[in-house]
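Novice: Protein chains in written order, with the numbering used here: chain A, 226 to 385; chain B, 153 to 1092.
Quick caveat, the hints were computed from the structure, so don't treat them as lab data. Don't take every hint at face value.
[To be verified] Heads up, simulated DSSO-like pairs for lysine-lysine below, C-alpha to C-alpha not over 30 Å straight-line:
#1 Lys358/A - Lys396/B
#2 Lys288/B - Lys358/A
#3 Lys277/A - Lys288/B
#4 Lys361/B - Lys277/A
#5 Lys283/B - Lys277/A
#6 Lys361/B - Lys358/A
#7 Lys396/B - Lys277/A
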Amino acid sequence: MALPEILNGMKTVVKNVFKKKDTVSYPEVRRQPFPRYKGRHILDRHPDGLEKCIGCELCAGACPADAIQVVAAENTPEARFSPGERYAQIYQINYLRCIFCGLCVEACPTEALLMTTEYELSGSSREQLIYTKDQLIIDTPIVRHWTTKKELPPERQVFS
Amino acid sequence: MSDGKVTLTINGHDVEAEENRLLIDVAEELGVYVPRFCYHPGMKSVAVCRMCLVKVEGSRKLLPACATPVTDGMVVDTVDEEAVDAQEGMLEFLLINHPLDCPICDRAGECPLQDQTYKHGPGSSRYIEPKRTYEKALEISDLVVLDRERCVLCWRCVRFSEEIAGDAFIQLIDRGAGTQVLTFKDDPFDSYFSGNTIQICPVGALLSKPYRFVSRPWDLTSAPSVCSYCAVGCPLTNEARAEKVVRCQALPNENVNDFWVCDKGRFGYHYVSSEERLASPLVRTDADEFEATSWGRALDVVTGRLRTARRIGIIAGAHLTTEDAYAVSKLAKKTLRTSDVDSRLQDAGAPYERAAALSGVAGSTATLNDLESARTIVWVGPDPKEVLPVLYLRLRKSVLEEGAKLIVVSPRRISLDAIATHVIRCDVGGEAEAVDGLTWGFDTAVAGDVGDPLVVCWGPSSPGRDEGPIVDAVVALARNKNAKLLVCPPHAGSQGMIDMGVHPSLDPGYTPSDSRGKDTRGILQAAAAGELDILLLIGADPVADFPDGGLVARAFGSGVFTVAVELFPTESVAHADVVFPSAAYAEREGTFTNLERRIQKLEPLTAPPGSASEPWRICSRIAHGLGDDWGWAGFNDVWTEIRATVPTHAHVDLTWAGQESRPLSLHYESPFQPDPTHGRSVSAGPGAGYPKGHRSGAPFHTGQNWPLSWELRGFEARQRPGIIPSRPPEPPAGDDPVSPAPAPGAPAGDDAALRLIPRTDTPAGGDASLRSGTPLSSAFASEASPSSAKGWSRTGGEDGDSPEVKAGKSGVPERSGESSPAATWHSVEDEFPSFSEGRRSFVLYTGRLLYDEGAMVSKTVALKSLARRPFVELNEEDAKELGLSEGDEALVGGNGVRATLEVRLGDIARGAVFIPYDQPGWRANSIIRGVNPVVEVRHP
Ligand code: SF4
Ligand code: SF4
Ligand code: SF4
Ligand code: SF4
Ligand code: FES
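All chains should be built: construct the whole structure from the sequences, respecting the hints.
Specialist: Here it is as structure tokens:
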């Protein structure tokens, strides 16, 4: 009675057994995610080395998971971190809360906050997963590498 | 169109409104919001921003709603295409030069320009040329930062400074496209009210320096509260980020503060989150050090002592709430059965109970609103701008806007002189006589202006002197002219203390105590004489506040067992044996009673540090430890009991039903609450009366001015002979001095005497200054004895009759007990006719300045630096005779202590000097001894 259904299901199984495997043997094999994969954040710099982040807290305001904490302070001529008056004195992202939605990146008015493809976020304590500004800020400004959808090879266009 | 009402139509809705009201207000009450920048309900309309243009039928041009009074039959359309077009056009113009740096602007998120652009502005700008730029973030004072690029030239700050505060420090300069807002060259924005311009600026042009970059409005939680500094009791909203109070803003209450607060109230919140706050009970160990301990152990130590103690003195501070006051009073009078309890420190010489001779109320019979309907106001007291700043604004408004006549009686030029109709410059202590002059109409130039309705204001002015004769004179004036009395005690909690019977002769609700206890001076004297077993200081810091430094030093020097309930490790706490940490005003539920007896509620916002607790709870725990269970679990239990036991407060209703603040057109609509009923307009909605960010949901009440309710219920104002002395009718006395009958039972043992010039070579001993100052050189001190008092003298004391001096316990001279209950004032000129030696004695007239070295201000980072160095103010003639001029240094001595102070010349009665009471570096109370102090001044 249920035989046709079982056979039908087995057909799918047999078909996939002979397909190329999607799973990899992590961690020996690490897969390169798609370039616009939304992983851990970084804070970018200007070409002159100043921080792009101005401590505006818009990312924190946009975050639906309340994962970002920013405390701003004022730049002084002696201690200048960013162009203008304001910089982020404290900047933290709590990866236990982050849902990698990317709304923070969209909210950032200076394109300081970006997401990388790094997905290996684990730790053995709460503190290890609260990334501070030191961990998030990069030393050399990144050079934009992304391209538009059209220019991506077709098999890569799945996620975009 | 009868009884001043008109009917008009706004966006198709018919409304009835009072004549002469502004269209913008009437529309807002209907729920039709007209966008605006320059209009502010607390100031006159100027209609400069043109944002509020609306279409009125029959008018060829659009009319500004903020300058158009409603008329009968008016047909208004605020969402007409033409009006909307104009509004969008105005916003596009405003944004042409606006830097749009919202991401770094503190206003972003609660910015009227942002909000109104969302709601009424065009989607984009056609302007692509470069914008005008200025230097950003100019610090125009220690509290205010100016960013001229963001200014929309609404004139609000300028109008506030000129119209409301009366110190025009900020102006719009230049013309046309180059118009900019700026302070005058080399002149900082040095106003006591500068913070209000930050709150009313509709953009982020004027910013608070302490709050700069600290938070975003969406990070803040807030709760309505009341300022914890002075007795005006301005309603505030406290706002906190991450459990730390980071901002205070004025809440509008037409009855109290209109829309304003002073800078002390606005920026004085840092002390709450100061690192120095006490966080756990402390007990003094055998090694004479403090040790943190548990509440249980500290309470055991205290109750153990209290069980055996027979002579107990309690001094409470005037920054406590009304419930704390009730608890202190109950602890003293019921549990410990002593009337030796008082709350008067700086105002130690102010017999508030005598004010009750007028109406049975030891406080005001007038309200602040009465000032505005008064024809004449008489001011006898300190400089309100320094002590009660927002009262100064209310007085200013009454005089300049409502046309009241102001008569100022003061020995020294005060801020009110500039707007007064008459200034009576009397001698120090001559206020009583000057007021009598008004009562009996001797002063014919002034008499004609003493009209009805009359409000007589009195506040204790100079710490250290006996205000009794002044109170009596003021009460006599009020009674004689059928006037209302405004009693102005200094601090936020002062009136609550008196109402709740933290007073040696009054029980809660002004019922006379069974026995008259010791007042603050009496308690300290008992401690100094070793006649006190235990001293409880509840929020009181006598070392800093009591106007007799020597007495305080002797009191603590005697080693009396002292228990302190405090916020900070003050100098008085350093002398304590057990210390309990207390919760600050932003950390607790409570009420303050202001100088017009309005009860207003504090809502808790942050958590107190460590295990700090409310003083009423601490009192109830002490009582519990003594076997007297009051059964109080929370704030409401205290009030249930107050209502049941205090007759005057029987009808105080803390739900304040029907007394919520009326939404005032102070706040801007949010673009995010579309209201379908009125098209583009948005109804005020819940919370419209609160500044944005007010999200705790706690309703804000205007408070309750309780005697009004019992007056309505027929509470009989009555005199209580024997307790509240009435002043005998005054005979017209010409030049003859009037000797008022001594008040029956004036505080016994009060140092009410008299010539307090240091007469011996006083070694520093136990009597030296508590903080600084060196002993007077013997040459300086020994010749200072008064020769004679030939002038008028309130006791009628004999010429040359100087008080006996005998050595006290610590080798300190003490006066013999022949003190007279009434005050004696010196006529120093007669006593010291010769200035050949370049020194002279002066009557000391002190007084607080707004920013001083008080425990709360000095722990507030933003205000700390504003406190001025101490100085001595002299009459020009006096200074000339001493060979001193402005800016010189003078040697000031008294009570065996001297200090070098900067000389200022001022309009002050001859023979008197003014020294601010408590400025950084040096406390004036160290040179004060006894009542009505005298100091010496000489060339260094
Ligand atoms: S990715 Fe989303 S959840 Fe994560 S920090 Fe950004 S806004 Fe928050
Ligand atoms: S990362 Fe971007 S959005 Fe977040 S604070 Fe910095 S500048 Fe603002
Ligand atoms: S600084 Fe602010 S309040 Fe003053 S004129 Fe400019 S926008 Fe108006
Ligand atoms: S006037 Fe008094 S109550 Fe009002 S804010 Fe200033 S100090 Fe506080
Ligand atoms: S012109 Fe009416 S609000 Fe400015």
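Novice: Does the structure keep Lys361/B and Lys358/A at a Cα separation of 30 Å or less?
Specialist: Holds, because 25 Å separates the two Cα atoms, which is no more than 30 Å.
Novice: Quick one, are Lys288/B and Lys358/A close enough, alpha carbons at most 30 Å?
Specialist: Holds - the C-alpha atoms of Lys358/A and Lys288/B are around 27 Å apart, at most 30 Å.
Novice: With a cut-off of 30 Å on the C-alpha distance, tell me whether Lys358/A and Lys396/B pass.
Specialist: Given pair Lys358/A, Lys396/B holds - Cα atoms ~23 Å apart, limit 30 Å.
Novice: Taking only the CA atoms, is the gap from Lys361/B to Lys277/A under or equal to 30 Å?
Specialist: OK: Lys361/B and Lys277/A at ~24 Å, within 30 Å.
Novice: Given the hinted pair Lys283/B and Lys277/A, is their alpha-carbon gap at most 30 Å?
Specialist: Distance ~23 Å between Lys283/B and Lys277/A Cα, so the pair holds.
Novice: Given the hint that Lys277/A pairs with Lys288/B, does the C-alpha gap stay at or below 30 Å?
Specialist: holds (19 Å)
Novice: Just to be careful, I want the Cα atoms of Lys396/B and Lys277/A compared with a cutoff of 30 Å; is the pair within it?
Specialist: Holds, at roughly 28 Å.
Hint compliance for this structure: every hint is met.
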